[in-house]
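Peer 1: Residues per chain, in single letters:
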Amino acid sequence: MFDPKTRVLVVDDMMTMRKLVKKSLMEIGFSDIIEANDGAVAWEALNNSPAPVGLIVSDWNMPNCTGLDLLKRVRGSRFKDLPFLLVTAEAEAKQISEAIAAGVSGYVVKPFEVSMLKTQLESVAKRSA
Amino acid sequence: MSFQKIRGDVLITYFLKKDLTSDLSESLARDILDELEKSPVSGAVIIDFQNFRLEYKALKALTPIGIELRKQQKQLYALAENRYVHATIRQEGLDTVVKPIHSVNQIGVDGPSPKAPTKIDVSFINPFIEGTMHVLDIQCRTKVNPLKPLLKRSGEFDCKTDIAGIIGITSKSFTGSIALCFPEKVFLDLMSRMLGETFTEISEDLKDGAGELTNMIFGHAKTILNSRGHTIDKALPSVIRASDLKIDHLGNHDSIILPFSVEEQRFFMEIGTEKN
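Top to bottom, those sequences are chains A and B. Residue numbering for the first sequence follows the working numbering, beginning at 350 and increasing consecutively. Residue numbering for the second sequence follows the working numbering, beginning at 28 and increasing consecutively.
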């Protein structure tokens, strides 16, 4: 599993979803959580964070820069090995394949329970180790 | 000025001279309000886009104007040949408050035309019913009971709406929108359970929760319907917050009401679709 001290970047345009994801991550044990309200802001946060970000948990459907756009940008940069989890209501096989092709580390379909998020994070941590 | 205005007895028409950005939209909204304060319009307010584009954030300033006009049985129209303008409004689920039209001939200043009766298609609405039950169970730890679906025109269902999450539906064969409508207390109870805090008012921060619940239910239903051959596109939700809100859907069709009960309170989903 991830070190609980890992800095996590939560990306979602909806404030309530950021709150929900943050609350769930805190229940799992994370405490260093920063937030961004779209992919473009997340990219800035990733580059300017004083402590390195160790995990991104992002929504897919966002205005301006989507979660998929952010994922592609991350995979094409110096952060290419950063674990990247998509938490999204997009559950169709076509979309999941698209995310996998872009290099997503894990995928959680909304609505989700904390246990589902934890299980996904455990698999992501195992694959990233 | 970035727009030109023509005021007649029935219509106020604004002709844009540049793309409608959020800044321009705010000054346009202020001007419309000033005009309506001077004297109410008897027909409609039209924004003629010419060939200019629409920034989706610009819709925010126009939404309260559209709602206010609807309360007065009037309509705000977006007249545009550019299909992108229509698609943006529909994707934001705002096509009832800012109605996109291609021609002024589509303006019904004498009121909406009668709606054709619509059958309730169980195979289409069931994924939305299941989705609502599933999403609220998992995300809000709340069991809700579906009540008998009915056509809106029957007038047999009455439930106050203080906040609604709306999402536009576009597909190859039909377009429309869904609205998840809550009285304030039901919404606050659901958000309190979802986020593990007690909320007593619908703050700016909290209201997007209505959009997110709608988004999850739409995502659930879309997955099922597309697996059966539909081609429903992705869309972003929007939220309308107003006291005793009435939702209407674009087109000559009847909306379907899916009522739910939760601990002796009620809320509902409205679905309005029309064949392309």
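Read the hints as simulated data drawn from the structure, not as lab findings. Where a beta carbon is used, it is the ideal one built from N, C-alpha and C, also for glycine. Treat the hints with care, since some could be wrong.
Claimed, not checked - A partial selection of chain B residues facing chain A, derived with a Cβ cut-off under 7 Å:
1. E82
2. V162
3. T169
4. P173
5. D235
6. N242
7. M243
8. L252
9. N253
10. H257
Peer 1: Hint check: is the beta carbon of L252/B less than 7 Å from a beta carbon of chain A?
Peer 2: Not OK, violated: L252/B not within 7 Å of chain A, min 10 Å.
Peer 1: Please check whether N253/B passes as an interface residue: C-beta within 7 Å of a C-beta belonging to chain A.
Peer 2: Status holds, d = 6 Å.
Peer 1: Checking hints one by one. Is D235/B an interface residue toward chain A, by the C-beta closer than 7 Å rule?
Peer 2: It holds, given that the least Cβ distance between D235/B and chain A is near 4 Å, below 7 Å.
Peer 1: A closest beta-carbon separation below 7 Å is what the hint needs, so does V162/B meet it against chain A?
Peer 2: holds, 5 Å
Peer 1: Given E82/B as an interface hint, is the shortest Cβ-Cβ distance to chain A below 7 Å?
Peer 2: Violated - the Cβ of E82/B stays beyond 7 Å from chain A, reaching only about 10 Å at its closest.
Peer 1: Once the shortest beta carbon distance from P173/B to chain A is found, is it less than 7 Å?
Peer 2: Violated - the Cβ of P173/B stays beyond 7 Å from chain A, reaching only about 17 Å at its closest.
Peer 1: May I ask you to test the interface hint for T169/B with respect to chain A, counting a Cβ-Cβ separation under 7 Å as satisfied?
Peer 2: violated, 11 Å
Peer 1: So, as I understand it, the hint says M243/B touches chain A; can you test that by seeing if any CB pair is closer than 7 Å?
Peer 2: holds, 5 Å
Peer 1: When the nearest CB of chain A is found for H257/B, is that gap smaller than 7 Å?
Peer 2: violated, 11 Å
Peer 1: Holds or violated: is there a CB of chain A closer than 7 Å to the CB of N242/B?
Peer 2: holds, 5 Å
Consistency note: the structure conflicts with the earlier hints numbered 1, 3, 4, 8, 10.
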